[in-house]
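A.B. asks: The listed protein sequences derive, respectively, from chains A and B.
Note that the first sequence ends on residue 622 in this note's numbering; no numbers are left out.
Note that the second sequence ends on residue 350 in this note's numbering; no numbers are left out.
Because the hints were derived from the structure by calculation, they are not lab data.
Yeah, the Cβ is synthetic: ideal placement off N, Cα and C, and Gly gets one too.
Accuracy of the hints is not assured; some may be wrong.
[Unchecked claim] Calculated cross-link-like contacts (lysine-lysine; reagent style DSBU-like; alpha-carbon spacing at most 35 Å):
{"#": "1", "chain 1": "B", "residue 1": "Lys146", "chain 2": "A", "residue 2": "Lys251"}
{"#": "2", "chain 1": "A", "residue 1": "Lys405", "chain 2": "B", "residue 2": "Lys161"}
{"#": "3", "chain 1": "A", "residue 1": "Lys479", "chain 2": "A", "residue 2": "Lys465"}
[Stated by the list, open to error] Residues of chain B placed beyond 12 Å of chain A at every Cβ, according to the derived structure:
{"#": "4", "residue": "Thr145"}
{"#": "5", "residue": "Ile170"}
{"#": "6", "residue": "Val264"}
{"#": "7", "residue": "Asn282"}
{"#": "8", "residue": "Cys336"}
[What the hints assert, rightly or not] Among chain B residues calculated to face chain A with C-beta under 10 Å, some are:
{"#": "9", "residue": "His124"}
{"#": "10", "residue": "Tyr167"}
{"#": "11", "residue": "His267"}
{"#": "12", "residue": "Ser271"}
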Amino acid sequence: MIVKRIESVNDFVIKFANVNGTGSASANNLFAKALFRMGLPVSPKNIFPSNIQGLPTWYEVRVNDKGYLGRRGGIDIALSVNPQSMAQDIREVLPGGYFVYDSTKPLDLRLHRDDITIIGVPLTRICNEQYDDPRQRQLFKNVIYVGALAALLDMDFKVLTGLVEDQFKGKKNLVLPNIHALELGYQHARNNLDCPIGIRVEKSDKVGDKILLDGNTALGLGALYGGATVAAWYPITPSTSVVDAFEKYAKRVRIDPGTGQRNYAIVQAEDELAAIGMAIGASWNGARSFTATSGPGVSLMSEFLGLAYFAEIPTVLFNVQRAGPSTGMPTRTQQADILSCAYASHGDTKQVLLFPSTPKECFDFGALSFDLAERLQTPIILMTDLDLGMNDNMSEPLAWDDDHKYDRGKVLTAEQLEAGVEFGRYLDVDGDAICYRTYPGTHPTKGAFFTRGTSRNEYAVYTEKGEEYEANMLRLLRKWDTINEYVPAPITVDCGKDTDTAVLYFGTSEESSREALDHLVAEGVYLNAMRVRAFPFNKDVQEFIERHKQVFVIEQNRDAQLRTLLMAEFEFGPDKLKSVLCFDGTPISARNIRKQIKKHLNSDNVLPLHRDTALLRTGERS
Amino acid sequence: MSYQLPKFRHPDLPVNDLGYTRADYEGAISTLCAGCGHDSISGAIVRACHELSIEPHKIAKLSGIGCSSKAPTYFLGNSHGFNSVHGRMPSVVTGAALANRDMLYMGVSGDGDTASIGMGQFAHVARRNLNMVYIVMNNGCYGLTKGQDSATADRGSASKKGDANIYSAIDLCGTALQMGATFVARSFSGDKEQLIPLIKAAISHRGFALIDVVSPCVTFNNNTKSTKSYEFVREHAEATGTIDFVPMHNEITTEYQPGHAHEVTMHDGSSIRLYKMDESLNPFDRRSAVNVLEEHRSSGNILTGLIYMNLDSRDLHEVLETSQRPLNALDESDLCPGNKMLLNINASLR
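In isolation and in its complexed conformation, chain B is listed as follows:
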């Protein structure tokens, strides 16, 4: 079952530029375990969309199967959702995005859904540079089937059952970089200050934007020998830097120290400011991103923050040269060539 949230809200709740309160971006009450990292990510999505003043019905949220993929019920209740087939969310989003280029596509997936059963579709949606936000709620285990290791579990990491994982882990950020993703970030469900601006930047990015969010499973994978527990991640997360997201229409007022901050203008006119902590990383250079990611991995740390961004890429619609009018808005007068052409075709077949 899912339960709707009570409709009553305080009359003085702050509204965004469209006149919506944050409640207008919320969904049904979560049925995930108390303390689940996924709920924090849902909350971050709600805040990011509210603060960016995106019309809720102009967002479509799509997912596969698993705890993560149930999450879209718990945010953006005024948006259409699609809980599809295990590992196949990317193809469904691809079709949906081709049908209507004027909406924002928010894909939500898990580590099993993405790194195992859906690895092929994940690789190819990145490679096609589909204009979408792809959030992985990564807890290193299969929650709904009671805690089996997933393909992102680190070798040697042990879940609640106690057996150390014997296989090497798939790094989704590294994979996405190899596959041609044009926006790659990692965050932690417990770090909203970092996650919310990353989601905003991902939304503004035109092209495929991955955010791999480590999101501890409180029930099956939050024990001392797990490398995806709250404690471990808090101790081992190393941020690339902090970022501020400045929407297009807001005046830039934030103070920053010249020389340390990097300001980038996005396609939609908004900008992000990156305060780098790791001087070795150039997030606009893929090779640098791959290197820094690998260095952190070998030292046992989790690199978080914006890892890579390519602002000059062409998304799938640009590559396919599809009409600016959404394909789903075309009717027979746009699409059907009529009987006259058939007369010519018939004549050529005699």
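Okay, chain A solo, but in the shape it has when bound:
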């Protein structure tokens, strides 16, 4: 079979197949960052097992001159150094694509494909000839294939060497061997292979001043800039690196150089119950605090979230979502905690959710969370996911307004208490349903009160009177309206044509949705779009849905959780909102979104029962 080989400039997907624990991640990262430095938009994604050493792991990099950063689906080039997954890896290559492998051992003939270009580089042999130390053989093998790729794709070799010099600044003993390994691969490819292949790269200017950053680091920085002083957490993938980042930067800027004293405290708790208990205790006592977790942690934290909602204690929770339920797929992505967070805890509760979709928004919303928590006196749950949290994402640069003063919310001072201001902890004195609080220790005889999870009257005294309980619960509902004025508003993208159909998405579905909409426009399908950025939903969300006949809600879970939430809050009928879903643990792709939307549009006149389910069963994936 003769298939035309894929030819493209600055537009391809490459997938590295490695063994985890072999140091491949930093080499692959070097490759992605070099392309980024050449001015090319890249979106690297780590697809890793829940394991430390020895299992297959992949690193997928999409390069796209148009700036589409979502997962595209389909592999143009596979780089395989893991025999365990080789059969799968070669199968995944698109017809006309390229398969680069370690040819020290010949390729199993059964795996051979005629419709792709197979390129052998004897990586192990080169290493064995160059290095005696087995550890070096393993580490530099990764760097050597990056060098070979540089030749195969016609990359700017100087960018690679410059990057190595930057990464190991001042460590000459690391710089030179890495550059040597890059050259080994580069020269081998130049001397022995057809370079470049049909896919190649050229310098571009599509990156501007953007940065390449993972969402978790951005969140850690957001907490630092937002003035968090107490961080309590329990290790869980994929949220662990949030606190790691907070600590890394806090060590730099929050330690008094003279005394060595720290303007922060980090406690690794015994479990998630304790982690959020500590965060709540600290913010009750007037410090800004946070915890970071993922789905299983949220389940454990729910009881405390109910207390903080009901007793109106500020706190910040960063939820880096992963695939559930239960332990689920701990190293795969999903947006499947929407409902469990929106209504976290027993009884009537509503929790504030923020949905960032870029590292810049992780930083901005991360810092904003602390202002919101104290202003609104309630938990703020920031909902990100593994895809955004653990992968390097291209992002607007981070920025901070040096004139910004923290909003500490309604807190009575000793002077105000002394002057005789009436204090009722749950007394709404100015109609926004948010009441004044006092920090412990403020005044010797005034302003003390008892915080409790039990029902209480406006002066924080225990009550079992139904009317007092009810009045308080209704005030909390009115407070929900106030909250709505403070949370980030949705962003609307008008397609410029008269249409009664739209899409609605949030978080990490943005990039793929944007790309899918562009493709649909090319096919003559015009859709308006809205990106929701918070719960409670802004009135604009309601109006947007109302003014369209049909809205496709794009989300990364099985049960259409955001759609359920929209229907619960606004009482839209099920026909109005149709689901576009992906929940296989990989980030949703543009192709997938486009296919599902088209299927909806084409089947609009013949509606089978359980249409959504039928659609899913066809196994639409790309």
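Following the hints, put chain B in place on chain A, whose structure we already have.
C.D. replies: The following block gives chain B in isolation, referenced to the frame of chain A:
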């Protein structure tokens, strides 16, 4: 409902060094059962804090859920209180204490709240040596849900319902010692002479101070077959000794027999004098404390008094090297590095 105490007080009530009467340390009227041991403990806390001249608003009282955890409403009415979630008081205190190191943290819990649902948090707060007083009002049963056995009920002990407990008991003092607590004491709600100085010593101790106070439940667990009844405890309590607590600024005037008394200076400059009755116990040696505790347990007696104290330990703030200024007093000028640093970070990410 809770009711406030009447405000009227005799004009000649004695005042402490700060000018406060004992009434300034009282709380709302108790709604616990008449004769409940917990009320006596509340009274002892009021007296200890008054006599130590601690400013009431510089104390925070925190609890979990249960009869014991309701008790903080009934003392220290001018202090902030936090009645949190069942078994989770230790984590809330940990966060609160990290936020402001300048206050005294008084945790109140029960045997269900500590030895069952909160066992994990109890173990870890002890292990972290958080600077707090942790009082367990231990009655061996779940009062609010009508008298089920708790994990501190002795095997064979029977509550009012009459069935003997079939599981072995958790000894909170022994557990605390194993977990690394640096001050461990046991007392009896009916023995104020012992309890008040113990509370004072616990307050002065820098680090985690546990006082396990046996506190009979008059309604569900004060019958003849119970080992947590007033009668049983009175008959079987064996004190390690008696202690006097001498605040820092008071001149030492108490007479004591040389050779029998042991005087120890606390971190805050006050001192305690221990008159030992049990010569086998060295309360500054953990192994000795564990042994003596175990000996009394196997002989069916309840060891009370100061069991262990480590004056050289480092509390959580020292371990974490947190700022001397309370973290909750810091503002953006202390905490926010500003846009300039972001410019550098951005540059490193290109």
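A.B. asks: Over 12 Å to the closest beta carbon of chain A is the bar; see if B/Thr145 clears it.
C.D. replies: 15 Å, holds
A.B. asks: Decide if the proposed pair is consistent with the structure: A/Lys479 and A/Lys465, CA atoms, cutoff 35 Å inclusive.
C.D. replies: OK: A/Lys479 and A/Lys465 at ~21 Å, within 35 Å.
A.B. asks: Hint validation: B/Ser271 versus chain A, beta carbon distance must be below 10 Å. Holds or violated?
C.D. replies: 27 Å, violated
A.B. asks: Less than 10 Å between beta-carbons is the criterion; does B/His267 satisfy it with respect to chain A?
C.D. replies: At about 19 Å, which exceeds the 10 Å cut-off, the nearest Cβ of chain A leaves the hint on B/His267 violated.
A.B. asks: For the restraint on B/His124, tell me whether the closest CB of chain A is nearer than 10 Å.
C.D. replies: 4 Å, holds
A.B. asks: Straight-line Cα separation of B/Lys146 and A/Lys251 no greater than 35 Å?
C.D. replies: The hint is violated at about 51 Å.
A.B. asks: Find the nearest Cβ of chain A to the Cβ of B/Asn282 and say whether that gap is larger than 12 Å.
C.D. replies: 31 Å, holds
A.B. asks: Quickly compare the C-alpha distance for A/Lys405 and B/Lys161 to 35 Å and report which way the hint goes.
C.D. replies: Violated. A/Lys405 to B/Lys161 sits at ~61 Å, over the 35 Å cutoff.
A.B. asks: Holds or violated: is the Cβ of B/Val264 farther than 12 Å from all Cβ atoms of chain A?
C.D. replies: The claim stands: B/Val264 keeps its Cβ more than 12 Å from every Cβ of chain A (closest is about 29 Å).
A.B. asks: Holds or violated: B/Tyr167 as interface residue toward chain A, Cβ cutoff 10 Å?
C.D. replies: Hint violated; B/Tyr167 Cβ to chain A Cβ min 24 Å, cut 10 Å.
A.B. asks: Verify that the Cβ of B/Cys336 lies farther than 12 Å from every Cβ atom of chain A, and report whether the claim holds or is violated.
C.D. replies: Contrary to the label, B/Cys336 does not stay out of reach of chain A, its closest Cβ about 5 Å off (not over 12 Å).
A.B. asks: Determine whether the non-interface label on B/Ile170 survives the test: each CB of chain A must be over 12 Å from its CB.
C.D. replies: Answer for B/Ile170: holds, closest chain A Cβ roughly 18 Å.
Taken one by one, the earlier hints fail for this structure at numbers 1, 2, 8, 10, 11, 12, listed in ascending order.
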